[in-house]
Amino acid sequence: MGLSTVTMIYAGMFYIAALVLAIGLVYKIVDYSRTPAPLKIPTTPAPTTRSGVIYRMAKEVVVFESLFKANKWIWVFGWLFHFGLLLVLLRHLRYFTEPVWFWVDIIQPFGKYASFMMVIGMLGLLARRFLVDRVRYISTPSDYLMLVLLIAIGVTGMLMTFVVHTDIVALKMFFMGLMYFDVQPVPGDPILLIHLALVAFLMLIFPISKLLHAPGLFFSPTRNQVDNPRESRHIAAWAAKLDQTK
Amino acid sequence: MAAPVFDVPEIKDEIEIPKLREGVMAHVKTFPATQPIQDFMGYPHELPEDWKERAIDKMGDLLGKYRSLKVFLDACVHCGACTDKCHYYLGTSDPKNMPVARQDLMRQVYRRYFTTAGKLFPKLVGAKDLTQDILGDWYNYYHQCSECRRCSVYCPYGIDTAEITMAGREILNHVGMGQKYSNEILGKVQKIGNNLGLPGPALEDTLEGLEEDIEADTGVAVKLPLDVKGAEVLLVTPSADFFSEPHVESLIGYAKVFHAAGISWTLSTHASEAGNFGLFNGNYDTMRKVAMRIRDSAIELGVKRIVVGECGHAWRVAYSFWNTLTGLGYGGNDPFSIEFQKQLDPNYPQPQHICELTNDLIKSGKIRVDPSLNDDLVVTYHDSCNVARASRMGTEPGGQFAIPRELIRSVVNNFHDMADGTIGEATFCCGGGGGILTDDLLEVRVKGALPRATALNNVVKEHKVNFMAMICAICKAQFTKVLPKYGFDMSMVGGVHQLVSKAIKLDKAE
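Chains as they are written, first to last, in our numbering: chain E, 1 to 246; chain S, 1 to 510.
A few of these clues could be false.
[Claimed, not checked] Here are some chain S residues pointing at chain E (derived, C-beta under 10 angstroms):
#1 Val459
#2 Val460
#3 Ala477
[What the hints assert, rightly or not] As a list, the in silico PhoX-like pairs of lysine-lysine whose alpha-carbon atoms are at most 20 angstroms apart:
#4 Lys366/S to Lys505/S
#5 Lys366/S to Lys289/S
#6 Lys28/E to Lys65/S
#7 Lys119/S to Lys28/E
#8 Lys119/S to Lys241/E
#9 Lys289/S to Lys241/E
#10 Lys29/S to Lys180/S
Honestly, the hints are just simulated from the structure, not real lab data.
Cβ coordinates follow ideal geometry from the N, Cα and C atoms, glycine included.
All chains, please: the whole structure from these sequences, using the hints.
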C-alpha cells in the first residue's frame, strides 16, 4: 500500500522536528554546561548547601517563586499556562505508549480540562502585552507570535477534544509507526493536520527561541550556586591560570 | 561645565510605578575617560576604525568566559516581571531604565551576531546590527544602572542585569568609550593604593589627627595603627572612611571596638582601600589586580585575620570573590591559596565583616555598650544592595540583614524598619552605586534615590526617625548629597559604627 503525499510530508516533518529539537537542545545544554561561571554570584540570601540549592530550584520550577514575588498577574497567568501545558503533555503520552501507562489514564480527565487553564493563561499573558505599557514597550513581534502559536495549538487541540473528534486510533497508529520506523497513514482531518503542523513548527524553533528559558533556568548561576565562597575556593579553569602569574 | 538643571521628583505617600516616557534620560552622558586614564588601563581612548569587530569580538570572548552572560541573554521571555523593579525606572520613567529594556540593548546585538534566529529573522526577534547609536545607548544606559541586582531577585530565571551592565561597560572600554569616574579611580587605586589617591604620608597625618581628636573627646588614647607588622587584624576599609563625613565617624567606631576588645590591628598603606571598582566594569583581571593588594599586604604584614569596614560593593568582592581571586578564605587545594590560608586564624571567618566582629564582641560581653547614649536618635537601617543581594554575614542565609540590625538594636533604644518591600532582599539602592557616584550623573543619582527617599519619608512621618544607619561608603556619600534635595537633613545619614562609637564603653570589661 502506497502512502499519501500528506503522510510522507507529516512523517518527514516530525522526524526533522524531533531531530532539530533533540540536537538543538543537547547542543545548547552542552554549551551552557561547558561555559564556566568564574565567580560566585548567587542572588542572596541563598542556600549554603547543595540540597538547599535543589530545594530553591525546585521552588522556582514548580511554583515560580521569584515570579510570585514579582507580579501576581504574570504569576497567575504564567503558572496556569505552564501547569496546564504539563498536564496536557502528560495526557498526550497515551498516543505514544501501548499499553497506556496507568497514571496517564488517571490524569486523562484532568489533562483534557487543563487545556482551558493553558489557553486562559496564555490569553492573559497576551492581554498584558497589549494593555500594560511597560510590557508593550519590550514586546517584539516574536513575543506575540509565540503566544499566538501556542494558543492556536491549544485551541485546535481543544476543538478535537471537545467539538469535532478526530480519528484518534488512526492518529495513534501514525505516531507509533513513526516511533518504530514503520510509517502509517496520517488521518486527513484538517484541524488535526493544522494542530500537528503547528506542534512540529514549535519543536523546530524551540532551540533557537526564547523557549530556551526552560533549560536556561537550570544553568542560571544566580539560582543554582551554593552560597559558600568563604568556605571553599571557587575557581574557573581560565581564571586559575592567573594564579601562576604572581 | 554648568550644573545640570533638572526637576527633583516629588515624594508621594507610596512608591508609584510611572507611565513610561521615552527618551527622558537620553541626554545624560557621563564624562568619558581621557587618554591618560584609558592608556593606563590598556584601553583605546577613542573609537578605533575597527570598532565594530572589536566590540563583537569582545562580546564573543565574554560569552565564552561567563555562563551568566550567555544564559541571561538567551533565557529572557519578556514577561515583564522586572519592569517596575529598578529604582532608576521608578525615578525617571525612562523605559530604557527597565531592567529588561536595559538588557535588550545588548540582547538585540547578541541575537544579530550570535543566534540563528537573529541572523535569519532579525526583525521578528528584535535583532539589530551594532551601530554607533546603539553604542551610544549602551554608554548612556549602562551608566544609569547601579548593578544593585534588585531585578535579579524577581526574575523567574534569575537574570541579573548587573552582569549585562558589567559586560556592556567592558565592551565599551574596548572600543575607547570608558567612563572617566570609574577608570580614573581604578588607576589611582593601582598606583597609590586607594580610590581617593591619598598618599601614605597624608594617610599617616590623617590618622594621627584622628587619634588626637578621639583622645580629646574621650580621654582615652585610642590608636589607629598603620602598616604594623605582626598585628593580629588587618582592617581594610573604604578610603572615604579616612576623611569624608560621616564616614570617618565609623572609622573612629572601628578603632574604639578594637581598643575596647584589646585586639591588635593595623591599616595598610598599600591596601588602604576596600573598594574595588573592577567589579563595576566586568573585567576579571582588573578586579583581581585590585584585590591582590589585600593579599600582598596581609602576607607582608603577617596578619592572622582580615576584617572589612563599612563598604557595600567591597563586601561583595571580599565575601564572594576574594577567595576566588586571591585565595583569601578557606578550602583552597592549590599551592597559591594553601600558602596564604595557612597564615590565617581558622577560628574566625575570613574575611570577616566589621559588623560580624563587633556584634560577636558585644554578644560575648567582650565589649560593653550603653544604648541610652544614643537616646537622642530614632534609627532606621538602609540595607545596601551589594550586602543584601550579593553577600552574607554569619552562618545563616539572611545574616546580612539580621546581624547589622542586631548590632544596631544593641547600641540604640529606638529602632524602626522601613516598609517591607523596601528593605532586606527587596532593598532599594541609594541611587549612587556601581560606578555612578559622580557629579556628571547627579540627575540619575537624585532621581534614582526616589524610592528610598519615599520609604524613608514614611518612617520619618510615622516614627519620627531622625537617623538612617548604613554600612556602605557609597550610600553615605550619595545620601548626604541627594537627600537634602528631597528636604532631609544630611546629618540623618551615618554609619552603623557611628552609633557603636557613641555607645561603646572604652574602659575594659570585667
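Going through the hints against the structure:
no. : hint                 : verdict
1   : Val459               : violated (22 angstroms)
2   : Val460               : violated (27 angstroms)
3   : Ala477               : violated (24 angstroms)
4   : Lys366/S to Lys505/S : holds (11 angstroms)
5   : Lys366/S to Lys289/S : violated (37 angstroms)
6   : Lys28/E to Lys65/S   : holds (16 angstroms)
7   : Lys119/S to Lys28/E  : holds (17 angstroms)
8   : Lys119/S to Lys241/E : violated (35 angstroms)
9   : Lys289/S to Lys241/E : holds (14 angstroms)
10  : Lys29/S to Lys180/S  : holds (11 angstroms)
Of the numbered hints given earlier, the model fails hints 1, 2, 3, 5, 8; all others are met.
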